Every structure is written in C-alpha cells, then in structure tokens.
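Those sequence lines, one after another, are chains A and B. Everything in the first sequence is counted per this note's numbering, starting at 807 for the first residue and increasing by one. Everything in the second sequence is counted per this note's numbering, starting at 19 for the first residue and increasing by one.
Please keep in mind that the hints were generated in silico from the structure rather than gathered at the bench. Hints may be right or wrong, so weigh each one.
Stated by the list, open to error - Here's a subset of chain A near chain B, in silico, CB distances under 7 Å, partners left out: (1) K816; (2) Q820; (3) R823; (4) L935; (5) S938; (6) N939; (7) H1023; (8) N1026; (9) V1027; (10) T1028; (11) P1029; (12) F1119; (13) P1121.
Stated by the list, open to error - Chain B is nowhere near these chain A residues, computed Cβ spacing over 12 Å in every case: (14) L1011; (15) I1041; (16) F1075; (17) W1128; (18) A1156.
The structure displayed is predicted, hence computed values, not measured ones. Heads up, the beta-carbon is just placed ideally off N, CA and C, and yes, glycines get one too.
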Amino acid sequence: MKTLKFLIEKEFKQMFRNPLIANLIIFFPTMVLLVFPWAITFEVNNIRVDVVDHGKGSYSKRLTDKVEASPYFILNDTPPDYETAMQAMERGEIDMIVEIPTTFDRDIVKQQSSRVGLAVNSVNGSVGLLGSNYMTQIVNDLSRELASELLHKTSHAQMKAPPSLPRLTIEQRYRFNPQMDYKLFMIPGFFVIILTILCGILPALNIVLEKENGTIHQINVTPVHKAWFILAKLIPYWTIGLIAFIIAIFVAYLIYGLWPAGSIFTVLFSGIVFIISVSGMGIIISNYSETLQQAAFLVIFFILIIILLSGMFTPISSMPIWAQAIAAINPFTYLTSALRMIYLNGSSLADVSTNLLMLALFSLLLNGWAVLSYKKRG
Amino acid sequence: MIVVENLHKTYSTGLGRKGKKGKDNGNGKGDGDRNSNRNGDVKALNGVTFRVNKGEIHGIIGPDGAGKSTLFRILTSLLLPDEGPSKVTVAGYDVVRDFREIRQIIGYMPGRFSLYQDLTVEENLNFFATLFNTTVKENYHVIKDIYGQIEPFKDRRAGALSGGMKQKLALSCALVHRPTVLFLDEPTTGVDPVSRQEFWEILDRLSEQGITILVSTAYMDEANRCTRISLMQAGRFMATDTPKGITESYDELLWSVEGERMPALLAELRAHPDVKTAFAFGDNHHVTVKERLSVDALREYLTGKGFNEVRVTPIEPTVEDAFMKASMEVLNGNE
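Produce the entire structure from the sequences given, and follow the hints as far as they go.
Take a look at the structure:
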C-alpha cells in the first residue's frame, strides 16, 4: 500500500510538471463543449438557391420572397433561364434551383394549383434531402395561403358559404427535447469523448512512453507488483477525468442551460463505471504497443470505430445488423445512451441499470484482459 | 553468486511485437552476426556457461550484438530463458522461479539512461529507494562516493544532467537499496575517458564492500580492471578466466607492424603466406605469424614491396588480441 502511494505521488509530480496535462484538465472539456456542439450539427442551413422565374407574376414573386425570407435558404440570384442557373450549380455556387413555370400565376387562379420545378445538388445527401423538404414546405405554405385568399375572395363575391373541405393535419409533438435542439442531444456524447481521452487514451500513452524511455524496465526489476504499477498509472487519470467531467457538466449548464433532468449523482456514477472500463481498454492498447507510434495508431483506429459505431452521431437502429452487433459490444454505446436518458428523459438509476450493468461487465472483462496481458518480463 | 549453465535464448522475429528490437530496451542492436535459422529465429544465447563468485567484478567482453544485453536481461528476471536443461541462479535464486526474491537483491543499470527525466536527481533517488521500502538516508553510506558528486545538483531535473552525471545518478539509483549483486550493462559506453576512469574506481570500492558486480563492455582496455572476464561472441562464451590468464594462454607469435600507408600495408600483410592474421590496432597492426617467419625477414619483404621505414617488433598479447584470436576460431568453426 505504501508503495502504491509513492508510485501515485510520482505520477502526480510528473503530471503537473507537464504543462500540457495541467491545461488539458480545464481547457479540454471547455473547448470541446464550446466548439463541437455548434460545428457538429445535422441541421442544414444556408442552402444557396437560384430562382428561375419564368412567370414573373405577383404570385411567383411571392414565392421568391418566401424563399429569400426563409432561414434555411440564401437567395443567390434570379437568373433568366434554367441553363444559367445550372451553370452556377456546376460551378458549385448554388445547391438548389427553383424553376417557376410561365403559367404559375394563371394556374393558381384557374386550377388553384401549379407545379414548381426543383433541382437539387445532392452530392451532399443531407443538404439534398432536407433542402427539398424545406422547399416543399415553403411551396405548400404558399399554396395554402393563396388558397385561403382566393376562397375568401370568391366567397365574398358570391356571398355563398364556402364548401367545407375535410382536412387532415398531422401535428407532431417532440418529447424530451421539444425544440429538437441537436446540441442538447450531442452534449452527453461529448462527455463520453472527454472521459475516453482523459481516462483511456492518456494513461495508455503514458505507459507506452515509459516503455519507449526504458524506465519501465527500471520499475520491472524492482519488487513492485504489476497491479500497483498499473493502478498508480490509472488513479491520477481517473482523478483528472472526474474533475474534467464535473467541469464539463457545469460548462454545459452555463452555456447551453443543460442540466440533467434526472439526478446529477446518477450522471457521475455512470461516468465512474465507464471510466473504469475505458481505462482497461487503454491498458490493453498499451500492452500491445512498444512505441508511441504504434499506440497512437491503435488509438486512432479504435476510437474511430468506437465513436462512429456508438450511436453518438447516428441512430444505432438505422445501422446494418453487423454494425449493430459492434455497437452492442461498445462501452460508448451504453454510456452515451445512459447519459442521454438521464439528461433528457430524467431517467433514474434503476432506469439506466441495464446500461450500467453492461458497463460494469466491460470493466471486468477489459481490466481482466489488461492485467493478464501486462507482463513484467518477455 | 551467479551460476549460469547451458543457457539458451532464442528470439522469434516473426512480427515485431515479440521481436528482438522491441523488447531489447529499445537500443536497436543489430543481430547480424548471430545464428539465425530459416524461420528468422535468432539464437541470441547459445549455451552460455559461467560462474561469478561473491565480491568479484566479472566482465563480459564482446562486440555489439554478441548477446550481452540479452544475458543481462535474463539474469535480472526481465526476460525468460529458453526452456531446457539449463540452470541460471543469482545468489542461489532461480531466475525463472524465484524472480521475486531476485528483484529484491539486485541492482540493474541498463545500457541506456532510463530514469525519469522530468523528475529531479533527488526525486529519482528517493523514488527508487521507496520502491524497495527503504530510504536514501538508511543506505547513504553505500552511495556516498557516487551520489556525493552529483548532490550539488540534486534539484536539477535528470534530463538536464550531463552524460557523466546521468551515469552516476543511474548507478546511485541502482545501488540505493544496497543490492548484493549489481548488473551494469555497458555502463561506460559514451562516457569520457576521465569519467570512465572514475567509474572503475567506484566499482573497485563497491567490490571491496562485498557487492558482486557483473559488467559488460565493448572496451577491451577495461577488461584488465575486472577480477575475471568472459569473452563473448555470437551468443557464446569463448573463454572465461582472469585477464592475466586470458593473455597468458595466448600461444601465437604476435608482432606489431608500423609504417606508412597503413591500409595498404595491412592488405600486404594479409597477402603474405606466413602471416596467419593481421588486424589494425589503433596506430599499428597486430599480426600473428607462422614460426618459420622471422622479424627481419618480414621487414625485408615489406621493404621489397615498397614500404619504407617499417618497424616490426614482437609484443605481449593484450585481451583484445586474445579476443580476436578466439573469435576467429569461433567464426571458422561455424563455417
């Protein structure tokens, strides 16, 4: 026990002598939460549009104005013909062309309907899909407005009761994140990334650095038990990981007003269970690498898989079966979903117990593997 | 104190992970002159047998890649020997079975500086003392000679020390728990001549205190400072004896040849039918000759070949001569 204390003391000394690590604890969670939630978003804004208005009537002018007024679109130009607009799209200046036919105004008055042409550059699929959805909404809006106006006029003129047409509308209600704010959905995911880097990757690199410097041999020829050595490596990173986690929770509250709907202690407890499993993963990586270069490569390889297949960015339910299987054995999946449940749904400890049990299982497996694969001699 | 019988170690160099380069303390030693089979397995140690008595300074003399570091890493319990009918014990403890006991009583100073560069001199020393449940104060008498020299810099970070001071710190850390056996793997490589001299004086004093020292070196001139030495080449011990015994058992006619155009002279010597071997030794050539050749005859022969002012003198063999002879025999034996 005394040896462990000295080993930990040494780790902390080294840690605080390294200005990078000391800064990392405060700045890393703050930066991640300040920058990423804004940049990593699936809301599509600022779609650049050219409107080719062949009709040049008052209704087609209203449609153009509506496009310009929409927060989703930027009206780039109103070229005279489709060809000019197409060239602009080929040059990458615009994402979408709206073509209003010559007969637009007349059709609306006569038949109360008209057709609008949409051409979307769907190289970026989500811009294509969402852009055309938004545009459809605008066109529908306009047609509804026009319809009611026209109906009004006719009814006034003929003094007849308007024919009451049955109308069905679907009213969607979004629960738990009523504004559909993507940032609130993502932030629990960023907590997981912060914990992974501080408690999984940093200790792994630290151990490999000892291998590269040869200092690990100097420890290995002493009677120090290997479990003490590993534990002494982990405890300091567990500590800074927890501190950074708490800082991140407060930053999320101060900037985004996001506070767990459930208990803060459930959040912290889930975090701790996850920290233990992810640090086991770090030790395994360090056991199988002899140099920092090898370790860095392994880390990048696993982190990419683990983050992309965890439901952090994309829903697991829409993944192919094999990817779902990977997500099911990924500790990230369980903490991300647990944190989202606690934060947004207000879940209690009992609600997330399945997730926590899975994380505890990973902790056992990964750390067992880590201890077995760490050898003091070759 | 150290008993090694028929020790073998084979590295499989299949894929880097368990490979030689990775595990060997990162010092990237070549293994070009080791026996290797078709699978790429490298025999780093091939039946090493020797014995070190208490209080001796035993030198392992051999070139880079001879297997010195592998031997040290097995003796310090960092590496497992090949399975087989071998016996390797340190202070009576088996290196495989009793590795815990061994780690209590040995001090190891690897060839490369491997202390914490971001800790100070004092912190490094205290740290290694605490790992053995002791304190610097308790064993200060053991390290006083060495640590005394770097104590004025005790608040300096180890990474900022000069080469000679780093080496003294490393030795202090290896000694701070008062080991009974000290393993020094090429401790003087890359150290200036004055510091080397000092270092050997320190080893003498440690040996007087009853500490058994196994030291490896590629410098032949350091061999004479050891109680006994072993000549090592290609994973084998070619001879083990006192330095005096090694040179006395040298049974060749040995001459030194000096003159102008030394490289051409060496080639000419090797072409002579009665010259057995010829090697460059600093500013002269050492040649061994057949008995029918005389000093004058060789001088005249060389003068006839256009080498003026050639001096040929019979000399006493050194450890290096003995090493060259033995290693030629091993290499010829392999062919």
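Do the hints match the structure? See the list:
no. : hint  : result
1   : K816  : 5 Å, holds
2   : Q820  : 5 Å, holds
3   : R823  : 5 Å, holds
4   : L935  : 46 Å, violated
5   : S938  : 52 Å, violated
6   : N939  : 52 Å, violated
7   : H1023 : 6 Å, holds
8   : N1026 : 6 Å, holds
9   : V1027 : 4 Å, holds
10  : T1028 : 4 Å, holds
11  : P1029 : 5 Å, holds
12  : F1119 : 33 Å, violated
13  : P1121 : 38 Å, violated
14  : L1011 : 15 Å, holds
15  : I1041 : 16 Å, holds
16  : F1075 : 34 Å, holds
17  : W1128 : 28 Å, holds
18  : A1156 : 44 Å, holds
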